[in-house]
Structures are given as C-alpha cells and as structure tokens.
Amino acid sequence: FLSNIEGYAYMWKPNGAFVLGFPQPPNPPNVWSTGSRETAAAGDVNGDGSKEVVFGRWVGMLYAFQYHLGAQLPGFPLNLGQLVSTNDPLLYDFDDDGKDEMLIYRYPDQITYAPGFISIYDEDGSNLPGWPQTVPQYSESAPAIGDIDGDGQMEIVLGSGDVPNGGVPGEIYAFEFDGSVLPGFPITTGYGADTPVTIYDIDMNGEKDILMRVKVGEVNGIYAYDGGGNLLPGFPAVLTSGGSAHGAPAIADVNGDGLPEIAYGTVEAVDLGKVWLFSHTGQLMPGFPQPVFATWVEESVSLEDVSGDGLPDIVCGTNGVGSDYAQLWAFDYQGNVVDGFPIPNLETLSSLESTPSIYDIDGDGDTEIFTASISGTVFAYDSPGIPASTSWPTYKYNAARWGSIPDDITGLEGGGSEIIPARAELYQNYPNPFNPETNFGFRIADFGFTTLRIYDISGRLVKTLLEQELAPGEYRFTWDGRNESGRVLASGVYLYRLRAGDFVQTRKLILLR
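Heads up: the sequence shown begins at 1 in the numbering used here, then just goes up one per residue.
Everything labelled a hint here was simulated from the structure, so no lab data went into it.
Only a predicted model underlies this, so the values are computations on that prediction, with no experimental measurement involved.
Be aware that one or more of the hints could be misleading.
Derived BS3-like pairs: lysine-lysine, alpha-carbon spacing no greater than 30 Å straight-line [unchecked claim]: (1) Lys13 / Lys51; (2) Lys215 / Lys508; (3) Lys508 / Lys13; (4) Lys99 / Lys215; (5) Lys99 / Lys51.
Label pairs and their in silico Cβ distance ranges [claimed, not checked]: (6) Arg513 / Thr464: 16 to 26 Å; (7) Asp48 / Asp456: 40 to 50 Å; (8) Asp456 / Gln505: 14 to 24 Å; (9) Arg513 / Pro115: 35 to 45 Å; (10) Val181 / Glu425: 45 to 55 Å.
By construction, the Cβ of each residue, glycine as well, lies at the ideal position given by its N, Cα and C atoms.
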C-alpha cells in the first residue's frame with residue numbers, strides 16, 4: 001500500500017496487479033499529501049475478518065480502506081480538523097470487542113510549539129472513553145504499545161517535542177488504556193523526544209522496557225527505561241549523531257547467541273550516515289558502526305535473513321543526492337556487507353524514504369524485499385533459496401505498527417534436522433493444564449505452508465500462533481495464554497489445531513488461572 005504526493009492511494013497484489021478498486025483518487029479532492037511519510041497500518045477495524053488499511057494525511061484526514069472491497073469504511077475519511085498533521089497510526093483491539101481501534105497522534109500544523117493530541121478512534125469515528133489526551137508539545141513520535149507495568153493490559157508510550165531556549169522540555173509519556181498516566185511518567189529528556197518508540201524486554205528480566213533514540217543533556221543515543229521510568233544500566237547506547245524522524249530501534253537476536261541486539265541507522269552530513277548494532281546491555285558490537293556513504297539511513301532498519309546463513313541481517317535504505325544514487329544495504333552481525341548488496345542505482349535525486357518490508361509475499365517460501373522512494377516508485381526484490389523468517393521484518397515490527405513483539409511469540413525452534421519425519425503429527429501440549437504458559441510440539445514431513453491456531457470451545461478463533469512456510473522437521477512453540485490482542489484469556493478448555501498442507505490435527509488444552 002502506498003499514498004503519493006497527489007493524494008492517490010495505491011494497493012497491489014503480490015504479482016504487481018492493482019487490488020480491485022485501486023488506485024483511489026483523493027477524497028475529498030484536491031488534498032495534498034507528502035506521500036511517503038504517512039505510514040499505513042493494517043488491521044480488522046470493523047470485525048468482518050478482513051483487513052482494513054488506515055493512514056492519515058497532512059490535511060487532517062484519517063482514511064480507512066477495506067482491502068476486499070476497494071472502498072473506504074462508512075463515515076471515512078474522518079476529518080480531524082483543519083491544518084492538522086497526523087503521525088503513523090497504530091491498530092489494536094483496546095476494548096476487547098473483536099475490532100481493532102485506531103490510535104493516532106495529531107497536532108496543529110503551521111502553529112509553532114502547539115500541543116498535540118493522542119486519540120483512540122472506534123470504527124464509527126468516536127473516541128474511546130478517556131480520550132483524547134493532550135501532550136504539551138507537538139512531536140513526530142510514533143507511539144508503541146506493550147504491557148510495561150505487568151498488569152496484563154497494553155500501555156501506550158510516545159514522546160513529545162520541546163520548546164528551545166528555556167521553554168517546555170521534551171518528555172516521554174506512558175498512558176493506561178483509560179487515559180491515565182503511569183507512575184514515574186512523563187520522563188523529562190530536555191531535548192525533543194520526537195522519534196518512534198520500541199517496547200521490548202531488553203534486559204531479559206521478564207518485564208517490558210521502553211527504547212527510543214533521544215538526546216538527554218549532551219548525550220545522544222538509544223535510551224532504555226523500565227516500566228517505572230528508570231534508566232536501565234548500560235544505557236544510553238551512545239550514537240555520534242541523530243537518526244531519521246521515523247527511525248525506531250529494531251531488535252532481534254542477530255548473532256545467534258540467544259540474546260537480543262539493537263539495530264539503528266543514523267543521519268550525518270554529508271556522507272557519514274551509519275548503521276549501528278548494540279548488545280542488550282547497550283554496548284557497541286564488534287564491527288560497528290558501518291558507513292552507508294550517504295547522509296541518511298532512511299527511516300528504520302529491518303532485521304531479516306537475506307544472506308541465507310539463518311541469522312537476521314540488518315537491511316536499510318539511503319538517500320540519493322546529486323549524482324549519488326539511493327541504495328539498499330544489508331549487513332551481517334559482524335558488519336560485513338552481504339553478498340549482492342548494496343543494490344545500487346535505484347533512483348538519483350531521490351531517497352528510499354521507507355523502511356524495508358521483508359516478507360514471503362508470494363507464498364513461495366523464500367524472502368522478498370520491498371521498499372519505496374520519495375518519488376513514488378516501489379521496488380521489489382526476490383531472494384531465491386533464502387527461507388522466509390520473521391525477526392523484525394518491517395517498520396515497528398508488524399503491519400499494525402505496534403512497535404513491539406506480541407508476548408506469546410517467544411520463538412520457533414527446530415526444523416532442518418537430519419532426520420525428516422515420515423509423517424506429520426501434533427503433540428499434546430505440556431504442561432496441561434497450564435498457567436501461565438504452555439509448550440506445543442509438532443512435526444511435519446513436507447515443505448509447505450503451516451498454521452497453528454487456538455480456538456475457544458465454541459470454535460471461535462482466539463489466537464494464531466504460527467502462519468508461515470516451514471521445512472520438514474520437528475518444531476516447538478510457546479504460548480502464554482493471551483489472545484490476538486494480547487489480553488489474558490480466562491480459564492477454560494481450548495482447542496489447538498495444526499494444519500500443514502493436507503494434514504489437519506486438533507487437540508484440547510486446559511487453561512487454569
């Protein structure tokens with residue numbers, strides 16, 4: 001999905017053909033858009049089982065397109081007010097009604113140092129109770145959600161801008177679902193906290209943390225705070241310069257040691273932009289930073305295997321200035337440039353102002369890379385023979401733009417064993433009954449698309465644990481008893497079903513709170 005500077009909305013199928021009903025002309029007509037900066041989010045806003053695509057424009061409009069109909073939801077576009085700019089939307093089922101709400105930050109455009117507002121809209125365009133909430137200064141920070149206080153509910157975290165020369169300082173806010181501010185917040189940063197938020201248990205103590213690129217005092221870097229607003233030991237991870245306004249930390253186990261690493265791209269004139277990699281304790285990893293020979297590492301980096309070694313690589317785009325072309329780079333965990341990269345000569349006098357999205361979009365089992373330029377060109381690259389994976393594949397981790405990994409996705413293990421199973425089988429979960437988490441095991445005999453889903457006793461889908469191409473082998477998966485929205489499920493009998501090609505098997509599990 002892409003919106004261009006003339007206000008047209010485009011949506012393509014995996015084969016490059018337009019989705020029925022697209023492109024869509026601007027509505028209302030004659031609206032103006034920056035095209036590349038209003039990142040879209042996807043989720044089921046009206047509860048019909050199909051995805052909607054939601055995005056804002058710098059004209060105070062919020063759009064929600066139905067993928068399967070090629071039309072907007074009734075009542076959309078939603079007018080947020082004249083001269084109102086919006087940041088990236090986030091979709092999540094906050095009230096547990098089976099429908100994703102639309103969280104978006106908006107602020108008055110062309111008004112210096114005006115306050116901003118964060119809203120949570122229902123499908124009918126109304127705010128949920130307790131919203132909107134005001135932050136003192138406008139910001140380009142994109143919010144993230146995660147259970148940072150351990151109460152089983154998602155909190156909302158974002159930053160605010162600052163007023164220079166003794167005015168209002170930049171701050172980091174954390175809100176409960178009801179709009180109340182968490183104890184220990186806001187965190188004062190001094191300079192504007194106007195970059196996207198990432199939420200992750202970076203110190204691996206079982207509690208979610210907040211990561212942002214900000215400048216506190218004279219130290220510019222990636223700061224990590226716990227759910228009480230306390231700076232974690234070892235942080236900030238110091239950077240020599242700032243990053244893109246849409247640059248969020250990306251997190252994955254890049255070197256295969258079982259510990260998470262933090263990847264980020266910086267901006268530095270004239271051709272000193274760099275890619276950085278830090279340990280989970282904030283220490284610079286050997287071989288980094290690495291130059292990209294451009295001013296900008298555009299937007300955020302993505303983390304997926306594009307080299308075929310089974311480990312996530314750091315993938316990013318750059319700007320193009322003068323006779324220098326925009327390029328797509330990929331680095332391994334040691335800082336080596338991956339074979340075949342950088343992909344050169346994409347567009348001169350342009351920039352890849354989008355985070356690379358890396359998925360198996362055509363269902364062939366291997367990885368595809370997508371990126372777009374500010375001039376409105378979409379680039380797609382295949383990686384034959386490199387199996388698709390999911391580490392940190394896109395901006396803010398997923399299409400709903402959560403900025404966090406769902407709690408129950410703790411890792412898929414196995415596959416690629418020397419002994420190929422003779423037949424597929426779904427094992428009984430253990431422990432069973434369970435609280436708070438349980439383990440699933442299964443084996444498959446053939447390469448193919450595999451799903452593992454959980455249903456309540458009435459047959460209603462409550463969680464998709466796995467949905468990807470797998471090679472033959474044995475696998476294990478862990479689930480913590482939460483539904484698709486991250487909410488804790490009640491005690492009861494549930495069903496879990498494995499589907500691999502023509503093979504289907506269902507078993508029962510019991511959750512006891």
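Evaluation of the provided hints:
no., hint, in the structure
1, Lys13 / Lys51, "14 Å, holds"
2, Lys215 / Lys508, "51 Å, violated"
3, Lys508 / Lys13, "37 Å, violated"
4, Lys99 / Lys215, "37 Å, violated"
5, Lys99 / Lys51, "11 Å, holds"
6, Arg513 / Thr464: 16 to 26 Å, "22 Å, holds"
7, Asp48 / Asp456: 40 to 50 Å, "19 Å, violated"
8, Asp456 / Gln505: 14 to 24 Å, "18 Å, holds"
9, Arg513 / Pro115: 35 to 45 Å, "42 Å, holds"
10, Val181 / Glu425: 45 to 55 Å, "50 Å, holds"
In this structure, the hints that do not hold are numbers 2, 3, 4, 7, in rising order.
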